[in-house]
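K.L.:
Here are the chains, one letter per residue:
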Amino acid sequence: MLNRALRIVGLVLLAALMYVGFTRQPGPAAEDGKIHISYWEKWTGFEGEAMRAVVEEFNRRQDRIHVDMLTISQVDNKLLLSTAGGVPPDVVGLWNSNLSSFADKKVLLPLDDYLERAGISREDYIPAYYDLCEYEGVMYALPSAPASHGLHWNKRLFRETGLDPERPPRTMEELDAYSERLTKRDESGHLILMGFLPTEPGWWNWAWGCYFGGRLWNGEDTITIDSPANVRGYEWVESYAERYGVTSLQLFQSGFGNFSSPQNAFLSGKVAMVLQGVWMSNFIDKYAPGMEWGAAPFPYPADSPELAEVASVEADVLCIPVGARHREEAFEFIRFVNSQEGMELLCMGQGKHTPLAEVSEEFLAEHPNPYIEVFIDVAKRSRTFSNPKTPLWSEYLSEMNAAFDEIWLGEASAEEALGRVRARVQQKLDRHLEQKALREERP
Amino acid sequence: MRGLRRRELWAGLAFVSPWVVGLGVFLIYPIVASLYYSFCDYSVLERARPIGLANYIDLAKDSVFWKSLFNTLFYAALAVPLGLGLALALALLLNSGVRGLTVYRTIFFLPALMPMVALAVLWLWIFNGEYGVLNVALARLGIHAPAWLTDPAWSKPALVLLSMWGVGQAMVIFLAGLQDVPEHLYEAADLDGASWWDKIRHVTLPMISPVILFNGIMGIIGSLQFFAIPYIMTPNGQPARSAYFYAMYLYDNAFLYLRMGYASAMAWILFILIFCLTLVSLRLAARYVHYEAAP
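These protein sequences, in sequence, are chains A and B.
Just so it is clear: in the first sequence, position 128 is 127 by numbering that gives the first Met the number 0, and no numbers are missing.
Just so it is clear: in the second sequence, position 118 is 117 by numbering that gives the first Met the number 0, and no numbers are missing.
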């Protein structure tokens with residue numbers, strides 16, 4: 000008797016486990032008669048709150064769809080795993096740098112039809128941001144909050160050095176000269192203030208060549224990281240390490256605190272000029288409220304005035320995973336975020352500019368960042384760049400970070416280090432294109 | 000009787016089934032699957048495509064693979080012997096009849112209980128070149144210390160130093176082994192006029208040699224899989240991949256680059272490496288390890 004009872008209990012348990020494990024969970028009970036869509040967002044903190052406000056506004060405006068926003072760390076990894084498991088969310092907030100890899104793996108829904116039906120086109124946007132959402136001619140996302148980057152400078156330190164606090168450097172040569180004047184050491188020779196540091200904040204170690212007119216690849220099949228323009232960019236990086244000495248720079252840098260803290264190198268006045276995104280204003284307000292600062296386009300080499308049009312941009316993006324259950328409703332939400340009203344609510348809250356071509360007067364007037372129009376103008380430049388749209392980007396980036404270290408530490412010349420990166424990434428790209436051709440031959 | 004036997008068999012199987020099912024689903028299946036995927040081009044998101052030995056051939060030509068393997072072996076070659084030596088030394092000291100043994104044992108063991116992430120963040124500050132407590136202390140002694148984690152020459156030694164933090168685990172096992180050494184052997188040695196060192200060399204070490212072997216093998220396995228701490232302290236193996244370890248490259252391939260097949264091949268190579276090193280240890284053990292009740 001006992002063992003029969005046991006067997007039955009065991010079978011029931013097993014059946015229950017299998018039911019839970021192998022059936023798709025229905026979304027949150029639709030007791031309210033609405034269609035619930037799940038939205039995974041990476042942002043926490045005030046950026047997350049700004050997005051939540053937009054979600055609440057969307058939920059309040061209509062009574063057909065309810066967006067359940069869930070904050071998810073490492074959202075790119077979790078999208079990967081949930082897609083492999085067949086239970087992705089309906090909307091996911093990624094970075095533009097994720098798009099090519101996920102689009103290439105057919106994880107994301109092409110949005111071209113949706114955009115056409117909704118009457119959304121490139122003209123509605125600052126072109127650079129719309130283009131970030133495209134991969135091989137297909138749109139896989141729409142932007143949420145975007146960001147362009149610019150030089151931020153500390154006006155007080157400029158004044159104390161005898162520089163005009165209202166005039167930022169315009170060319171690389173001026174940047175170097177200002178930096179030299181701003182840099183200070185104590186009696187024992189230790190650095191206590193740097194004018195500019197190519198390692199700060201260290202998020203775009205791959206991009207320095209681009210400011211000298213370089214590109215990371217030709218957009219198709221050739222890695223161009225060791226082109227003369229790129230080599231020139233990294234020799235410029237190297238010149239800082241050589242001029243100030245790696246050991247003393249290392250010691251100086253180890254005194255920097257976290258980015259989001261009052262010990263941030265720029266906020267604490269240890270570095271006078273820094274390349275940062277439009278968001279920097281939020282952190283200045285929070286951690287260094289009294290700081291006198293300015294923002295301007297990043298300098299260009301004096302001998303190439305056409306490079307004054309170069310600028311780097313990036314964006315958060317909203318996508319619909321291929322396995323999403325409520326695609327139409329998901330797009331409805333993305334569309335609301337991309338309306339002028341939704342977008343201005345979001346970008347005002349996140350302290351960023353909007354990716355849309357149309358901007359309201361109030362947005363510009365009330366925006367907490369006094370230099371918001373600088374960043375909009377920067378984003379509208381004709382030679383904007385972002386990370387290359389190749390699925391190999393995360394590998395490329397890791398190679399670039401390693402090469403940057405080698406150059407900075409004097410372990411390799413710019414030419415050697417970049418040559419090695421080119422060889423490694425080119426090989427991977429060749430392999431990737433080969434396999435892609437194979438896949439297309441026999442689908 | 001037979002009926003009862005069979006019923007008992009079923010009941011027994013029912014009772015162990017959670018474990019058997021768990022082992023099968025969460026261990027044996029993934030292991031077998033990873034062996035298969037190591038011969039495939041597999042991104043997790045698309046169907047696996049068999050490509051024969053290509054992953055293994057690519058690995059042989061991959062300079063980052065060799066660099067991460069070198070870094071890992073370098074780390075293991077320093078961390079394992081140093082860790083064993085320190086754990087043994089601490090255990091010997093604690094075993095010398097010190098008063099309040101349980102208190103000391105707890106104190107030395109406590110650090111090993113600290114969560115890895117907290118440990119990594121703590122040591123980031125300890126190793127800080129300018130404000131780190133380590134360099135401040137060394138400066139007092141007149142030693143001009145390097146900026147540990149930003150200097151490629153010092154990043155691996157710094158992590159070896161850090162690994163000594165968890166030495167309490169091995170120490171407790173050594174201590175248990177030491178307390179099993181029969182007192183009469185020491186008494187006999189005393190009668191023969193053995194010195195302190197002779198007793199350690201000829202009584203203690205042979206008697207605890209199985210424990211040394213065990214701790215040694217566990218140390219090798221643990222250090223070849225070194226991951227969580229460098230993943231937090233030296234992301235991307237910076238500076239200049241000097242602290243890029245095997246398990247980090249494996250993880251990056253699997254979850255960042257979506258090359259699960261390549262990562263599976265790396266996992267199998269690591270398994271074979273650990274297997275061989277363990278075999279070598281056991282071979283050496285046959286010569287040096289003394290079991291009290293040898294068959």
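Careful: at least some of the hints might be erroneous.
Stretch-level coverage of chain B by chain A, calculated; a stretch enters the list once three of its residues show a Cβ under 8 Å from a Cβ in chain A [claimed, not checked]:
hint : region
1    : 68-80
2    : 141-153
Away from chain B, derived, C-beta distances all over 10 Å, residues of chain A [said to hold, decoys possible]:
hint : residue
3    : I71
4    : A83
5    : K154
6    : L162
7    : S359
8    : N400
9    : A401
10   : E410
Pair ranges (Cβ atoms, derived) [claimed, not checked]:
hint : chain 1 : residue 1 : chain 2 : residue 2 : range
11   : A       : G201      : B       : K60       : 49 to 55 Å
12   : B       : P29       : A       : E241      : 55 to 61 Å
13   : A       : P261      : B       : F14       : 37 to 43 Å
Don't read these hints as lab results, they were simulated from the structure.
Just so you know, these numbers come straight off a predicted model, no measurement behind them.
Built from N, CA and C at the ideal position, the CB exists for glycine as well.
K.L.:
Find the hints from earlier in the document that the structure breaks and name them by number, from lowest to highest.
P.N.:
1, 4, 8, 9, 10, 11, 12 and 13
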